[in-house]
Structure formats: C-alpha cells, structure tokens
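In UniProt numbering, the protein residues as written are 1 to 324.
Treat the hints as calculated values from the structure; they're not laboratory data. All C-beta atoms, glycine included, are put in the ideal place defined by N, C-alpha and C. Treat the hints with care, as some may be off.
[What the hints assert, rightly or not] Keeping only pairs whose Cα atoms sit at most 25 Å apart, straight-line, the calculated DMTMM-like set for lysine to aspartate or glutamate is:
hint: 1; residue 1: LYS251; residue 2: ASP140
hint: 2; residue 1: LYS171; residue 2: ASP307
hint: 3; residue 1: LYS258; residue 2: ASP55
hint: 4; residue 1: LYS171; residue 2: GLU57
hint: 5; residue 1: LYS262; residue 2: ASP155
[What the hints assert, rightly or not] For each label pair, taking beta carbons as the anchor points, the in silico distance ranges come out as:
hint: 6; residue 1: LEU166; residue 2: ASP94; range: 22 to 30 Å
hint: 7; residue 1: GLU4; residue 2: SER116; range: 25 to 33 Å
hint: 8; residue 1: GLU37; residue 2: SER116; range: 25 to 33 Å
hint: 9; residue 1: GLN18; residue 2: PRO93; range: 21 to 29 Å
hint: 10; residue 1: ARG59; residue 2: ASP177; range: 25 to 33 Å
hint: 11; residue 1: GLY286; residue 2: ASP178; range: 28 to 36 Å
hint: 12; residue 1: GLU126; residue 2: SER19; range: 24 to 32 Å
hint: 13; residue 1: LYS270; residue 2: ASP74; range: 50 to 58 Å
hint: 14; residue 1: ASP94; residue 2: VAL142; range: 16 to 24 Å
hint: 15; residue 1: LEU289; residue 2: ASP177; range: 31 to 39 Å
hint: 16; residue 1: LEU261; residue 2: PRO189; range: 15 to 23 Å
hint: 17; residue 1: PRO26; residue 2: PHE296; range: 49 to 57 Å
hint: 18; residue 1: GLY75; residue 2: ASP55; range: 26 to 34 Å
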Amino acid sequence: MLFEAYTALVDKFPSGCQSLYGEELPAVAGMWLAIDEQAFPSLLFSSQPADTRSDIELRFVGVRFSRECEIAVDGRPHACGTYTIVRLEENDPDLVRVFLRLLEETFCGKAPSARSNREISERILELANLFSQLEHSAKDLVGLWGELQIICQADSPESAARCWCLEKTAKYDFVCDDFALEAKTTLRPSRVHRFSLDQLRSHGELEIYVASIQAVQAFGGSTVSELMDRILEAITGAELRRSFLALCLLKGGEDIYKSGLKLQLLSYDKGVAYFAASDIPVPFVGAELPITNVKFDVCLDNVRQQDGQVSARLGKFAGQVSNE
Numbered sequence: 001m002l003f004e005a006y007t008a009l010v011d012k013f014p015s016g017c018q019s020l021y022g023e024e025l026p027a028v029a030g031m032w033l034a035i036d037e038q039a040f041p042s043l044l045f046s047s048q049p050a051d052t053r054s055d056i057e058l059r060f061v062g063v064r065f066s067r068e069c070e071i072a073v074d075g076r077p078h079a080c081g082t083y084t085i086v087r088l089e090e091n092d093p094d095l096v097r098v099f100l101r102l103l104e105e106t107f108c109g110k111a112p113s114a115r116s117n118r119e120i121s122e123r124i125l126e127l128a129n130l131f132s133q134l135e136h137s138a139k140d141l142v143g144l145w146g147e148l149q150i151i152c153q154a155d156s157p158e159s160a161a162r163c164w165c166l167e168k169t170a171k172y173d174f175v176c177d178d179f180a181l182e183a184k185t186t187l188r189p190s191r192v193h194r195f196s197l198d199q200l201r202s203h204g205e206l207e208i209y210v211a212s213i214q215a216v217q218a219f220g221g222s223t224v225s226e227l228m229d230r231i232l233e234a235i236t237g238a239e240l241r242r243s244f245l246a247l248c249l250l251k252g253g254e255d256i257y258k259s260g261l262k263l264q265l266l267s268y269d270k271g272v273a274y275f276a277a278s279d280i281p282v283p284f285v286g287a288e289l290p291i292t293n294v295k296f297d298v299c300l301d302n303v304r305q306q307d308g309q310v311s312a313r314l315g316k317f318a319g320q321v322s323n324e
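Full structure from sequences and hints, please.
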C-alpha cells in the first residue's frame with residue numbers, strides 16, 4: 001500500500017514544489033505519506049504541539065516530533081498542522097520499499113490505535129535495531145526461497161509461519177511441539193545437500209525431518225520477495241506479520257526486493273520430498289574423539305522418502321508422516 005502510494009507521489013510531484021507533497025492515508029485518520037523534492041519519503045502522524053520529545057537521528061532515518069508542517073496536496077489548499085515526521089533520507093527504490101513495508105506493518109494495521117510520540121519513538125527504535133542487523137552483501141536467497149516455498153505450500157501459511165524459527169542461526173528451520181523440520185534447497189539435478197552431524201542426529205526428544213526442495217531458474221518462477229508478499233497477505237495476526245517480515249529481511253538482507261532471481265519447483269508433484277533424519281546416512285565419529293562441528297554432503301536420491309505433505313498446521317506434520 002505505502003510503496004504504491006509513494007511511487008504515485010513521485011510520478012505526480014509538482015514542478016518547483018518547495019514543501020512536502022503528499023496525501024492522507026485513507027485507512028488511517030491523521031496519518032500522511034509525503035515526499036520532498038529529493039523523493040525522500042516521510043510518514044507523518046498528527047500530534048499534539050505539547051507532546052514534545054528529543055528528535056531521533058539514525059542511519060538513514062530521522063524523526064522530528066510535533067512540528068508545524070505544510071503539505072502540498074492535489075486539488076485543494078495546502079494541509080497545515082502539527083505532525084511527527086518519520087523520514088527516510090534515501091530514495092533508492094528497493095530500500096524505500098523495505099522501509100515503507102516495515103512502517104506499514106508497524107503503523108498501518110487493520111485497527112491502528114492512536115500513536116503518541118512515545119509509542120512512535122519506541123517502534124522506530126525497534127525498526128532501527130532491525131536495520132542495524134541487515135546484511136548489505138548477497139545472502140542465500142535460494143535457501144530462503146525454499147523455506148518460503150514450504151510455508152506457501154501449507155494449507156494454512158499462517159500456521160506454518162508460526163512454526164518458522166525466528167533466529168536466522170537456528171538449528172532447524174521449523175520447530176513444532178513434537179518434531180523439527182529442516183528445509184534444504186538445491187538447483188542441482190540431484191538432491192545433494194550439506195548437513196551438520198548435530199542436525200541429523202539430535203540427542204533431544206524431537207523427531208527430525210528434512211524437506212528436500214529441487215528448484216530451477218525460470219522466467220515463470222517467483223522471486224523471494226514475491227513469495228514473502230504472498231505469505232504476508234495470508235497472515236492476519238499483526239505481531240506474526242511483523243516478526244515474519246523481520247525474519248525475511250534478516251535472512252535475505254536489505255536488498256531482498258532488488259534480487260530478480262526467479263525460481264520454480266523442478267516438478268510440481270516431486271519438487272519437494274520429505275525424509276526422516278534417522279534414514280539419512282551420516283559419518284561415524286566416535287564419542288571419545290575431540291571432533292565437533294562435523295559437516296558433510298549427502299545425496300538423498302536413493303534414500304527412502306516419507307509419505308505425507310506439510311499440512312496447514314505444521315505441528316501435526318509428524319503424525320501425518322508414515323513410512324512407505
């Protein structure tokens with residue numbers, strides 16, 4: 001919503017305009033989206049003149065509390081009032097899209113409450129902490145695409161997203177009450193994946209399963225950002241939407257919208273296969289040996305597959321899996 005409104009404002013920006021140019025968001029009373037002559041976006045919140053705080057200066061983002069503003073609008077006099085301004089000092093379209101998506105999930109929910117300057121400040125600092133963790137280099141978008149594909153294929157993507165581990169360094173990708181699922185994605189013609197010994201031979205009580213995803217690059221495929229947006233449309237819980245989006249950004253980096261890599265399953269019916277970790281061969285390492293962090297490649301082409309699909313409730317997955 002916000003990014004589409006932003007691009008429309010950029011296209012219509014009046015020549016010679018010296019003030020902010022924007023429009024009030026129809027779904028959120030007292031909130032405006034505006035741009036300046038550099039196409040830097042701002043989200044403005046109607047505020048009380050007496051509700052003052054120290055301004056916030058962060059990397060790319062600045063917050064000005066309770067300022068008198070004049071906003072140029074189409075077809076009527078300038079709008080004037082007291083607003084708190086959250087401004088991104090950047091006009092790169094992909095970074096703007098990430099920033100506006102975060103603001104949209106944070107402030108533009110289905111039933112937004114009135115935001116005090118204190119609440120705005122707290123939320124912006126949370127977003128700043130997230131931005132500070134984003135990687136600027138290329139990430140493993142193929143692996144992220146596979147994890148999102150597992151969520152998309154579930155009858156209830158929202159239920160599957162609830163089982164997605166919220167740490168990018170988590171041991172498994174999905175953890176439920178009685179099982180864990182690790183997603184491995186490859187572009188090879190064979191199901192060759194890299195594992196750690198601890199992943200496949202856990203000493204806990206959980207049953208461990210592996211989803212092997214074979215993908216190919218194709219013009220008719222989907223990008224990571226397209227899968228992410230598709231899942232966000234299926235998630236109704238505001239808190240889950242925010243945590244899901246944050247994890248996608250942490251795993252995909254700040255350029256998640258910039259990547260044009262399009263993938264699709266090698267086969268609709270057989271593109272995803274499931275395996276019990278206990279059936280996957282591993283190297284033997286004697287318990288008495290001082291060896292840790294063992295990693296190795298395994299071809300799963302001839303390993304026994306499990307019957308069953310990822311269900312709408314990933315927590316029931318273990319009960320749906322049966323040996324051939």
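Outcome of the hint check:
1. LYS251 / ASP140: Holds, because 8 Å separates the two Cα atoms, which is no more than 25 Å.
2. LYS171 / ASP307: Answer holds: LYS171 to ASP307 is near 24 Å, not above 25 Å.
3. LYS258 / ASP55: violated, 31 Å
4. LYS171 / GLU57: violated, 36 Å
5. LYS262 / ASP155: holds, 23 Å
6. LEU166 / ASP94: 22 to 30 Å: Taking Cβ atoms as reference, LEU166 and ASP94 lie about 24 Å apart, which means the hint holds.
7. GLU4 / SER116: 25 to 33 Å: Cβ of GLU4 to Cβ of SER116: about 28 Å, so the range 25 to 33 Å holds.
8. GLU37 / SER116: 25 to 33 Å: holds, 30 Å
9. GLN18 / PRO93: 21 to 29 Å: Since the Cβ atoms of GLN18 and PRO93 sit about 24 Å apart, the hinted range of 21 to 29 Å holds.
10. ARG59 / ASP177: 25 to 33 Å: violated, 40 Å
11. GLY286 / ASP178: 28 to 36 Å: holds, 30 Å
12. GLU126 / SER19: 24 to 32 Å: holds, 30 Å
13. LYS270 / ASP74: 50 to 58 Å: holds, 53 Å
14. ASP94 / VAL142: 16 to 24 Å: holds, 19 Å
15. LEU289 / ASP177: 31 to 39 Å: Distance hint for LEU289, ASP177 holds at roughly 34 Å.
16. LEU261 / PRO189: 15 to 23 Å: holds, 18 Å
17. PRO26 / PHE296: 49 to 57 Å: Since PRO26 and PHE296 have Cβ atoms about 56 Å apart, the given range 49 to 57 Å holds.
18. GLY75 / ASP55: 26 to 34 Å: Given about 32 Å between the Cβ atoms, the range holds.
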